[in-house]
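Colleague: Since chain A is already given, all that's left is putting chain B on it; use the hints.
Taken in sequence, the protein lines are chains A and B. Residue numbering for the first sequence follows my numbering, beginning at 1 and increasing consecutively. Residue numbering for the second sequence follows my numbering, beginning at 378 and increasing consecutively.
Everything labelled a hint here was simulated from the structure, so no lab data went into it. Since the model is a prediction, treat every value here as computed from it, not as a measurement. Heads up, a few of these hints could be off.
What the hints assert, rightly or not - With a straight-line cut-off of 27 Å between C-alpha atoms, the simulated BS3-like cross-links for lysine-lysine are:
{"hint": "1", "chain 1": "A", "residue 1": "K337", "chain 2": "A", "residue 2": "K238"}
{"hint": "2", "chain 1": "A", "residue 1": "K42", "chain 2": "A", "residue 2": "K215"}
{"hint": "3", "chain 1": "A", "residue 1": "K200", "chain 2": "A", "residue 2": "K190"}
{"hint": "4", "chain 1": "A", "residue 1": "K200", "chain 2": "A", "residue 2": "K177"}
{"hint": "5", "chain 1": "A", "residue 1": "K200", "chain 2": "B", "residue 2": "K719"}
{"hint": "6", "chain 1": "A", "residue 1": "K247", "chain 2": "A", "residue 2": "K233"}
{"hint": "7", "chain 1": "A", "residue 1": "K56", "chain 2": "A", "residue 2": "K91"}
{"hint": "8", "chain 1": "B", "residue 1": "K423", "chain 2": "A", "residue 2": "K354"}
{"hint": "9", "chain 1": "B", "residue 1": "K525", "chain 2": "A", "residue 2": "K42"}
{"hint": "10", "chain 1": "A", "residue 1": "K190", "chain 2": "B", "residue 2": "K423"}
{"hint": "11", "chain 1": "A", "residue 1": "K56", "chain 2": "A", "residue 2": "K337"}
{"hint": "12", "chain 1": "A", "residue 1": "K143", "chain 2": "B", "residue 2": "K423"}
{"hint": "13", "chain 1": "A", "residue 1": "K233", "chain 2": "A", "residue 2": "K256"}
{"hint": "14", "chain 1": "A", "residue 1": "K215", "chain 2": "A", "residue 2": "K247"}
{"hint": "15", "chain 1": "A", "residue 1": "K256", "chain 2": "A", "residue 2": "K190"}
As the list claims (entries may be wrong) - Which chain A residues face chain B? A few, computed with CB under 10 Å, are given here:
{"hint": "16", "residue": "M14"}
{"hint": "17", "residue": "V28"}
{"hint": "18", "residue": "P133"}
{"hint": "19", "residue": "D204"}
{"hint": "20", "residue": "T363"}
All residues carry an ideal CB built from backbone N, CA and C; glycine is no exception.
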Amino acid sequence: MINTKSSAIRTEEMVLNMGPQHPSTHGVLRLELALEGEIITKVTPHIGYLHRCFEKHCEAMTYPQIVPYTDRMDYLASMGNELGYAVAMEKLLGIEVPQRVEYIRVIMAELQRIASHLVALGTYGADIGAFTPFLYCFRDREKILHLFEITCGARLLYNYIWVGGLSHDLHPDFVRKTRDFIKEFKPTIKELNDILSYNKIFIDRTANVGILPVKTAINFGVSGPNLRASGIKWDIRKDDPYSVYSKFDFDIPVGKGTHGTVGDSWDRYFVRILEMEESLKIIEQALDQLPDGDVQSAIPKRIKPNAGHVYGRVENPRGELGYFIISDGSTTPYRVKVRAPSFVTLQILGELCKGYMIADVITILGSIDIVLGEIDR
Amino acid sequence: MMYDFFVDLFGNTVIAGIASGILMSLLPLFLFILPYALFAVLAERKVSAHMQDRLGPMRIGWHGWNQTIADIIKLIQKEDIVASDTDKPLFNFAPVLVFAGSYAAFAAIPFSSYYIGSEVDLGIFYIIAVTGLVVAGILMAGWASNNKYSLLGSMRSVAQIVSYEIPTMLVVLSLVMVSETMSLHTLSEMQTGYFWNWYIFGGPGFSLTKFLLIPSMLIGFIIIYISTLAEVNRVPFDIPEAESELVAGYHTEYSGMKFAMFFLAEYANMYAVSAIVAALFFGGYQSPVGYLGNLLGVEWLIPIEQFLWFAAKGLFFVFVQMWLRWTLPRLRVDQLMAVSWKYLIPIAFVNLIVIGFITLI
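Pulled out of the complex, with its shape left as it was, chain A reads as follows:
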């Protein structure tokens, strides 16, 4: 628009709505971008398109009924969500679960972590324009989903980890098939590194883009791979061990700034690759040590905790997933509050994107790996 009164041409910022229908917002997220040419001056995320009243709904359900609904929060890491709920509830009830249950839970959670990271890495490649790694990742994720399917019959929303136990014991083929998967999967990590991680164009696009300083990360409460990529060794599996994680030997990979600055998008990407390798280590150890036992012996007949509250947290693929549960002594919770890692992570988007270009918003959004199902709940 030209201001007719003065001879100078007036320029103004362009506001671009990215989403909710956009191929790279990873769900129904709307980003309001203020643009100066192609440079971002402000990013305003608008959330809530996927809101399903999970927390309020919990107050109307008995404790075991909540489990299937936790699946639907972070739908790429349902096993992790269930595990978090089970950990919190068992802490509230004071239940000891059999060792076999704990081992199976760890195996499932780590398989889920690999599956979730595969989606994150694959879609990240697709965001940057490399479509082929995306399908390689989904091919491998499909094998994990098959393992889940033979275990509990569902591919994405399992309702598998119950308070005090599991819905099914392992399928007789599970151990063999999981070992086969690990054997097949190790070379494909290398393949993914060759085709994407160390690609010159990919490094140019991601290194030094969207640098998250440690201080900002801590101030915003970022957790999970995003925090570790900034160089902080913080992992609940090690620092506040739950289930049987303390029995396994594994490393916590952190960002090193190999191709740029510590905490850039490439670091966030690569930490996830390294984490998949660590998860494989955990699964191998858990399969070796897997004890026998009944997986349903500790499931309480009727869950009616004493009045009180509990906070249980687990390390989900996207960071610290916490359940704050208040019980008033009845069979339904008084309040369930979820600390969703993606919700926290999304808050840093505005900080990270300032001064970068439109293409970098996609890079940064992909690298912080959010799931809208968890943000909106």
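Modeller: Only chain B this time, still in chain A's reference frame:
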């Protein structure tokens, strides 16, 4: 030339005149571009599928070979949606212009020694000029759509095509210096004989110049291949239609047959630039190893063989484009500009000077 061919074949000037006239005007469109586009779209899907552990289209016809035809029929039947608040004349004209620009380039491309649409002396110059129309069409499409994504896509596209035309032209200029002709037909004729006469191997004849030229020609080939890749908006330079950023770039708002025209133009363009690279550096329609027609003493077989050789060379480069597309990520806008202005143009310029000195010797 087509006329001469038919006179040889029929021995009657009237029939030859009519037949050559019809063929001359229709051959590129109906005998080459359309079948090629149908084939290339399917090939793209099949190539990508097999690179990605998939099968690709399998349902329609044997291994899905009818898929593109079904898609085109679907696109023809679709409602022609024109959003409100678009600049309608420009919106409707843009796909035509883009298609016309890329189709017109085929007029000066020599498919064989007997078939060349129009043997203009400034063939290569004409092609570079006429493909410039595509830029205008893309800008029109982006502006007329009244969509911010389209506008961003078209602006990126124009900046990209204009930037990458410079290295292309510098390389073409060096070829023109060596061969002293601008006609693609003459250029192809000069590279006759065996493959060591191709310009990628220094050109015809055995002299010191030829061997001095080989490294420069290799550099020239690499530069022109990269920059033509950018000119037809292919990965890693597909920024104008960057699917994950700009939805579909300048053709976001187009549907039905208008979209199909953009699509067709893209594939026609892919072949056009491959054909130019083949004509400049890889002997054009010349066979690398000699002709079956010469061996058997059947004169009329030679042009057909030449046509097949030319198609094969072009399709090979199209295949390489697809290969790159399904392997590489995409550059960012500023990085894309840096590749052209910081690397390709200076190298191409130095290369031009070096080739100039060598030709002086």
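Colleague: Now tell me, hint by hint, if it's right for this structure.
Modeller: Now for the hints, and whether the structure bears them out:
no.	hint	result
1	A:K337 with A:K238	holds (24 Å)
2	A:K42 with A:K215	holds (21 Å)
3	A:K200 with A:K190	holds (16 Å)
4	A:K200 with A:K177	violated (36 Å)
5	A:K200 with B:K719	holds (17 Å)
6	A:K247 with A:K233	holds (19 Å)
7	A:K56 with A:K91	holds (22 Å)
8	B:K423 with A:K354	violated (41 Å)
9	B:K525 with A:K42	holds (17 Å)
10	A:K190 with B:K423	holds (25 Å)
11	A:K56 with A:K337	holds (9 Å)
12	A:K143 with B:K423	holds (24 Å)
13	A:K233 with A:K256	holds (11 Å)
14	A:K215 with A:K247	violated (32 Å)
15	A:K256 with A:K190	holds (19 Å)
16	M14	holds (7 Å)
17	V28	violated (15 Å)
18	P133	holds (9 Å)
19	D204	holds (6 Å)
20	T363	holds (8 Å)
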